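Work out the full structure, taking the sequences as your base and the hints as a guide.
Protein chains in written order, with this note's numbering: chain A, 122 to 429; chain B, 21 to 271; chain C, 2 to 314.
In case anyone wonders, no lab produced these hints; they're calculated from the structure.
Please note that the accuracy of each hint is not assured.
Unchecked claim - With a Cα cut of at most 27 Å, we get these calculated DSS-like pairs of lysine-lysine:
(1) A:LYS181 <-> A:LYS241
(2) A:LYS175 <-> B:LYS265
(3) A:LYS326 <-> B:LYS265
(4) C:LYS215 <-> C:LYS270
(5) B:LYS265 <-> A:LYS181
(6) B:LYS265 <-> A:LYS191
(7) C:LYS215 <-> C:LYS303
(8) A:LYS294 <-> A:LYS326
(9) A:LYS143 <-> A:LYS294
(10) C:LYS111 <-> C:LYS124
(11) C:LYS111 <-> C:LYS130
(12) C:LYS111 <-> C:LYS72
Computed from a predicted structure; not experimentally measured.
In case you want the letters, here they are:
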Amino acid sequence: MSISVRREKVVKALDGISLEIKSGEAVGIIGPNGAGKTTLMGCLLGFLNPDSGKILIDGKAPDSLSVRSKIGYVPERLSFQRNIQIQELLAMHYELARQPALNCRSKIEELLNVVGLEQKHWNLPIEKCSRGMLQRVALAQALVGTPKYLFLDEPTSGVDPGGVIEITKLLTKIRSFGITLVLNSHQLDQVERICDRVVFVRHGKVQTNEGLQQEGKKHALYLRFADVAANGGDLVQRLRTLSGEFGLELVEAGSTHAQFMVANDDDNLRLIRTLIDGGFPLVEVAPRHSKLERMFINNNDPDRESSL
Amino acid sequence: MRITWLQWMRSPARLGFVFYLTCVLPIGVALMTFNSASHELGLAEATFVALGLNLVLGAGIICREREDGVIATVLSRPIRRSTYVLAKWLALALASWAGTLLFIALQCLIFYFSYWHPIDLLLILKATAECAFLAFGLAATMVALSSWAPSYGDLVLYGVAWVFLMMISSFVEVLETIPIAPNSLMTLFRPAAASLHHLSEALFAILMPMVNLPIAHGLWLHTLIMYMSNLFGALLFAIWWLNRKEITYGG
Amino acid sequence: MVAELRERWLGASADDRTNASPRWLVLITVALIAARSIIFQYEQMHLTQPVQRIRWYTHEAASRAIFKNRKPALLFFSHGNTCQECKNMESDLQETAVAEEINRDYVPLKVIDPSPDGLPAPKDVENLKQNYNAWRIPRMVVVPPEMWDVPAEWLDSYQLPDVSPGGMFTPNSDSDRIPLIVKSSADWHPDPLKVGNVDWIAPEKALQRASDAKPALLFFARSLDRHCDVVRSEIFGDDEIAAVIKKQFLPAFVVSHQRQNRPDSDETKRMLARFNIRMFPCLIVTSPSNPDQVLTGFAGNKETLQFLEQAHN
Chain A
122 MSISVRREKV VKALDGISLE IKSGEAVGII GPNGAGKTTL MGCLLGFLNP
172 DSGKILIDGK APDSLSVRSK IGYVPERLSF QRNIQIQELL AMHYELARQP
222 ALNCRSKIEE LLNVVGLEQK HWNLPIEKCS RGMLQRVALA QALVGTPKYL
272 FLDEPTSGVD PGGVIEITKL LTKIRSFGIT LVLNSHQLDQ VERICDRVVF
322 VRHGKVQTNE GLQQEGKKHA LYLRFADVAA NGGDLVQRLR TLSGEFGLEL
372 VEAGSTHAQF MVANDDDNLR LIRTLIDGGF PLVEVAPRHS KLERMFINNN
422 DPDRESSL
Chain B
21 MRITWLQWMR SPARLGFVFY LTCVLPIGVA LMTFNSASHE LGLAEATFVA
71 LGLNLVLGAG IICREREDGV IATVLSRPIR RSTYVLAKWL ALALASWAGT
121 LLFIALQCLI FYFSYWHPID LLLILKATAE CAFLAFGLAA TMVALSSWAP
171 SYGDLVLYGV AWVFLMMISS FVEVLETIPI APNSLMTLFR PAAASLHHLS
221 EALFAILMPM VNLPIAHGLW LHTLIMYMSN LFGALLFAIW WLNRKEITYG
271 G
Chain C
2 MVAELRERWL GASADDRTNA SPRWLVLITV ALIAARSIIF QYEQMHLTQP
52 VQRIRWYTHE AASRAIFKNR KPALLFFSHG NTCQECKNME SDLQETAVAE
102 EINRDYVPLK VIDPSPDGLP APKDVENLKQ NYNAWRIPRM VVVPPEMWDV
152 PAEWLDSYQL PDVSPGGMFT PNSDSDRIPL IVKSSADWHP DPLKVGNVDW
202 IAPEKALQRA SDAKPALLFF ARSLDRHCDV VRSEIFGDDE IAAVIKKQFL
252 PAFVVSHQRQ NRPDSDETKR MLARFNIRMF PCLIVTSPSN PDQVLTGFAG
302 NKETLQFLEQ AHN
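Below is the structure:
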């Protein structure tokens, strides 16, 4: 698709977005608030009309009946019909998705098991559900009719950390069914775990569109050492000597920690091996920021030095 | 349609209103209007029951779901927006007609057991048919207003339209009855009276789409065309408006 | 091919889109709106000269016809051709079946009030408007023969119902066409057996059975008389008074229609003459041996009770 959307006369919500999503792929859409991610999601679902450009899903417009029968959607705002129970809601979606009435009950129960909702809650009214339960219900209704494409808009918004982990596991499981996922989320580690590719949107434009397996730019590796006094020697001096000798880029050094710049896994391995062979009391190695965090920060402020 | 009915049945406020209109009101009407000498069943009030039920059940029927974002999950399904609108219309029309039938049935029962007098079946059929016309017509009006207005604005709009209608009618009455001197400025308003009269008639036909039975000879085609054009026009407007409306589903 | 045509024209849409309006609905609505416009144009063209099926009477001819045929009058108040609403209402009246019924069962009289055009209304038109409260025109009034030509002051507070078509609160209307029901004259001639809470009996019977212990109580009233109405409903509606009458008197109620174009029955005439009734309302207590006790004019509950106690004692 290649689209532009102007929301009000003075704001261009999306500007020349051009994307291709392959079947079976999981794509994460990230970006700062007001970047146009929600607008993009709306366009993909056929709820919003781009001013120019075209969106095609399986060669058809997103608001066509045949496409609608293949998609599932988890909204950011978990609003469902009031005064009905969870199973009734799913039965309604089952009927709307034009599924055969014969297996309705068993299919619904299967879905509720997949999303991990306890059986005792199946007949709970929607108003009495907690946020976590509503997210599961939303996932279950999105999975009604075995969709080919799943659109998730902030599926873990407002959920506690335990719930986030559960839902991430669930999405990974769903991913394994071969469903094409489009995930809009602020949970970067979730996106990193689930998605094959990530699209960074800022000011209505795509800033980055890359696979998560791609090599990134140079980034900082944080290292922690055991108490130097017990191990003897001036750590800082020793690290400086080592970096000069083996061509490693030392950025910062303290009495029990240091940061080196590395470009890839090979660099990581070389550094760690060198430090261990050199007798350094290395106890912890970790990147300063995750890959997506680095992408986020870099794209949000491209002028910032890659000292991160 | 089923889900809409289920929601209404489980809403205490709406259910309370419906119970009052269909079960409590017949008793009040019976006390005020029953007259064994003239065998007046008091079925004219059934019209107001149909009106009341349409307003109570139809308030926010589409606009509330749109404001809450509920409509997004529904419209993400392979369902046409027109189907959604027509389903809402049918649900509202059938529910208000059913409530009116219950009112009429209770009214007849109370009358029969009060006076032990046979009930005029033709009168009941007439009332039932008139209420059906009103239920379906007014449901179309409510759905049209609801597709356009913001949250519960459909009810407010309906009230405002009535006030506007009363104002126009009063103005027309004044223009047509007060003596106007031949050369005064008021004569300029005279031609407007006829147009305003037509406007008030058209507005009344939309706000209270009734067909009074029996239709006079030679007028049945005219009456039915007026009624059906209002009904289908309202439905088409509702569908057209919802079709062109972008669904904002975000937070 | 049939299935394809059906899907194309009656199916919701030939294409797949969820936001397409159903073709059948669009076609039907357009056709109905077109038909409606045609009807409106037709009405506009034909309203200026409504077909005259009703045989309107002049005022004098109407009065003669009403008394001769004892038919009710159907008064149609209009502003004439300059009033659209009046023309609409008249065209409703001129419908074949309606006009036939009006010609057969009523004496129709068209009263034109030209005042909106700045012209003065003739005196008889003003009198009729005043008599029948025709301040909102167009208006239709059905007048029973007994009420015709009755002085306006007698009609005060005896309002005839507005039987104009289309009125939402029109009593006894079956449709928004002309309600061809004359308001029952029973309203204007109250049933003597149902006045207040007293069980009235026939006057002759009361006089025959009257005794000194239980004298006859004769209540003389006339229709279209406000004071008599009040006595009927408030005095004889009082439970205490009704109980006293039931225990101590034989009550009879005589109503005279002298204020209406309706002759009194022979029995009423005899009773009025026998007791020389000149004023209404009038209460007379009569018994074989004692002189008649008379209470004329309006008296309140207390005075009436006192009168009854004195009369019995």
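Verification of the supplied hints:
1. A:LYS181 <-> A:LYS241: Since the Cα atoms of LYS181 (chain A) and LYS241 (chain A) sit roughly 41 Å apart, the hinted pair is violated (cutoff 27 Å).
2. A:LYS175 <-> B:LYS265: With Cα atoms ~18 Å apart, LYS175 (chain A) and LYS265 (chain B) stay inside 27 Å; holds.
3. A:LYS326 <-> B:LYS265: Distance of about 25 Å is within 27 Å: holds.
4. C:LYS215 <-> C:LYS270: With Cα atoms ~25 Å apart, LYS215 (chain C) and LYS270 (chain C) stay inside 27 Å; holds.
5. B:LYS265 <-> A:LYS181: Roughly 21 Å between the alpha carbons, so the hint for LYS265 (chain B) and LYS181 (chain A) holds.
6. B:LYS265 <-> A:LYS191: holds, 23 Å
7. C:LYS215 <-> C:LYS303: Distance ~21 Å between LYS215 (chain C) and LYS303 (chain C) Cα, so the pair holds.
8. A:LYS294 <-> A:LYS326: violated, 31 Å
9. A:LYS143 <-> A:LYS294: With Cα atoms ~19 Å apart, LYS143 (chain A) and LYS294 (chain A) stay inside 27 Å; holds.
10. C:LYS111 <-> C:LYS124: Satisfied, since the Cα-Cα distance of roughly 15 Å is no more than 27 Å.
11. C:LYS111 <-> C:LYS130: holds, 12 Å
12. C:LYS111 <-> C:LYS72: Between LYS111 (chain C) and LYS72 (chain C) the Cα gap is close to 16 Å, so the pair holds against 27 Å.
Comparing the model with each numbered hint stated earlier shows that hints 1 and 8 do not hold.
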